[in-house]
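Asker: These protein sequence lines map, in sequence, to chains A and B. Numbering of the first sequence is given in the working numbering, commencing with residue 1 and proceeding in unit increments. Numbering of the second sequence is given in the working numbering, commencing with residue 217 and proceeding in unit increments.
These are calculated hints, taken from the structure and not from any lab test. Nothing here was measured: the structure is a model prediction, and the numbers come from that model. Mixed in with the good hints there might be a few duds.
With the Cβ distance kept under 10 Å, some of the chain A side facing chain B (calculated, not the full set) [to be verified]:
(1) 44
(2) 56
(3) 63
(4) 73
(5) 77
(6) 81
(7) 84
(8) 96
(9) 110
(10) 171
(11) 206
(12) 209
(13) 210
Quick reminder that beta carbons are idealized off the backbone N, C-alpha and C, glycines included.
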Amino acid sequence: MPYKVRQTVEAEGEAMQPVAVTPAPPGGGPSDLELMRGLQAEDAEALSQLYDRYSGILKALILRVLHNETEADDLLQEIFMEIWRQAKNFSAQKGKPLGWMVTLARRRAIDALRKKQAYSRAEERLQMETEQQPEAWVHNSTQEEIVLGDTRVLVRDVISRLPPPQQQAVELAFFQGMSQREIAAHTNTPLGTVKTRLELGLKKIYDGLKELKDEL
Amino acid sequence: MSFKEFQNCARLYVIGALDPEEMTEFENARKEFGQKGEDYIGECYALHEAFALSLQPAKASNAIKDQLMTMVRERAQSTPGAPPPD
Chain A
1 MPYKVRQTVE
11 AEGEAMQPVA
21 VTPAPPGGGP
31 SDLELMRGLQ
41 AEDAEALSQL
51 YDRYSGILKA
61 LILRVLHNET
71 EADDLLQEIF
81 MEIWRQAKNF
91 SAQKGKPLGW
101 MVTLARRRAI
111 DALRKKQAYS
121 RAEERLQMET
131 EQQPEAWVHN
141 STQEEIVLGD
151 TRVLVRDVIS
161 RLPPPQQQAV
171 ELAFFQGMSQ
181 REIAAHTNTP
191 LGTVKTRLEL
201 GLKKIYDGLK
211 ELKDEL
Chain B
217 MSFKEFQNCA
227 RLYVIGALDP
237 EEMTEFENAR
247 KEFGQKGEDY
257 IGECYALHEA
267 FALSLQPAKA
277 SNAIKDQLMT
287 MVRERAQSTP
297 GAPPPD
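Could you put together the complete structure from these sequences and hints?
Answerer: As C-alpha cells, this is what we get:
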C-alpha cells in the first residue's frame with residue numbers, strides 16, 4: 001500500500017536552501033520529507049518506502065567502503081534500523097533526508113571499516129581498483145538510471161571532470177575516511193599537494209552542485 | 217582565517233579530512249563566523265549526498281528488508297503509544 005501522507009511540509013526544508021540534488025521520486029509518490037515525517041510518527045510503511053527508494057544507493061556507498069557484499073547487507077540493515085530509531089533527530093532545516101541518511105551510513109561504514117581485521121586487504125583491493133580502473137567512480141548511465149533521475153548522471157558528470165589525482169584524494173577522504181595526512185602517506189604524495197588536490201576537488205564538486213541546483 | 221579559507225576548511229571538515237591541528241583553528245573560526253559559518257557547513261553536507269548519487273546503485277536484498285520490517289514492527293508493538301516528536 002503506498003504511503004499516503006500529503007502534508008505541505010516541503011517549505012520547512014527551504015529555510016537554508018541546501019545545495020542538495022536529490023532526484024524526484026519516480027511516479028509522484030510521497031516526498032522524502034513526507035516519509036521522514038512518517039518515520040517520526042513511527043509508521044513502518046514509511047520506512048518500507050524509504051528502503052525501496054534508497055537502499056540501492058546506501059548499499060552502493062557501504063560497498064564502496066567495505067568491499068564485501070555480506071558485510072554490506074548486514075550493515076545496511078543496521079543502518080536502516082538506526083534511521084528508524086534516529087528519525088526523530090532529523091531536522092529539515094539542516095538538510096535533506098537523503099543527505100542525512102548518507103551521512104549516517106557513511107559514518108557507520110567507515111567505523112566498520114576501521115574495526116575490520118582485514119583493513120589492509122581492503123586497502124589493497126581499493127588500490128588495485130584505483131590503478132586498474134581510474135574511472136571506476138564514474139559509470140555509464142543506463143536507461144533505468146535516467147528514468148530515476150537525470151540528476152544522478154549530472155552529479156557523476158561533475159565528478160568525472162575532476163583530474164584523476166583530485167578524484168583519488170576525494171575518494172580516499174570520503175569513502176575511506178582518511179585525513180589529509182593519511183592520504184599523503186597512503187599515496188606517497190607531499191602533504192601540501194594532497195591539501196591542494198582536496199581543496200580544489202571539493203570546491204569544483206561543490207560549485208558544480210550549485211550550478212546543478214540552479215539549473216533544476 | 218578569512219571566510220574563503222573557512223569555506224575551504226568546511227568542505228574538508230564535513231568529509232572528516234581535516235587534520236587534528238587544523239581542527240582547532242577551524243573551530244575558532246566557526247565561533248567567529250557564527251550562524252553564517254553554520255549555514256555554510258550545513259550546505260557542505262550536500263557533498264555527502266552527491267558522492268552517494270555518483271555511485272551505481274547496488275542490488276539490495278529483499279530478505280534484508282523483510283528482516284528489517286519484522287524487527288521494526290516487533291519493536292513498534294513492544295513500545296506502543298509513544299507520541300511522535302513534533
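Asker: Each hint: holds or not?
Answerer: Verification of the supplied hints:
| no. | hint | result |
| --- | --- | --- |
| 1 | 44 | 5 Å, holds |
| 2 | 56 | 3 Å, holds |
| 3 | 63 | 5 Å, holds |
| 4 | 73 | 5 Å, holds |
| 5 | 77 | 5 Å, holds |
| 6 | 81 | 6 Å, holds |
| 7 | 84 | 6 Å, holds |
| 8 | 96 | 7 Å, holds |
| 9 | 110 | 8 Å, holds |
| 10 | 171 | 9 Å, holds |
| 11 | 206 | 6 Å, holds |
| 12 | 209 | 6 Å, holds |
| 13 | 210 | 9 Å, holds |
Violated hints: none; the structure is consistent with every hint.
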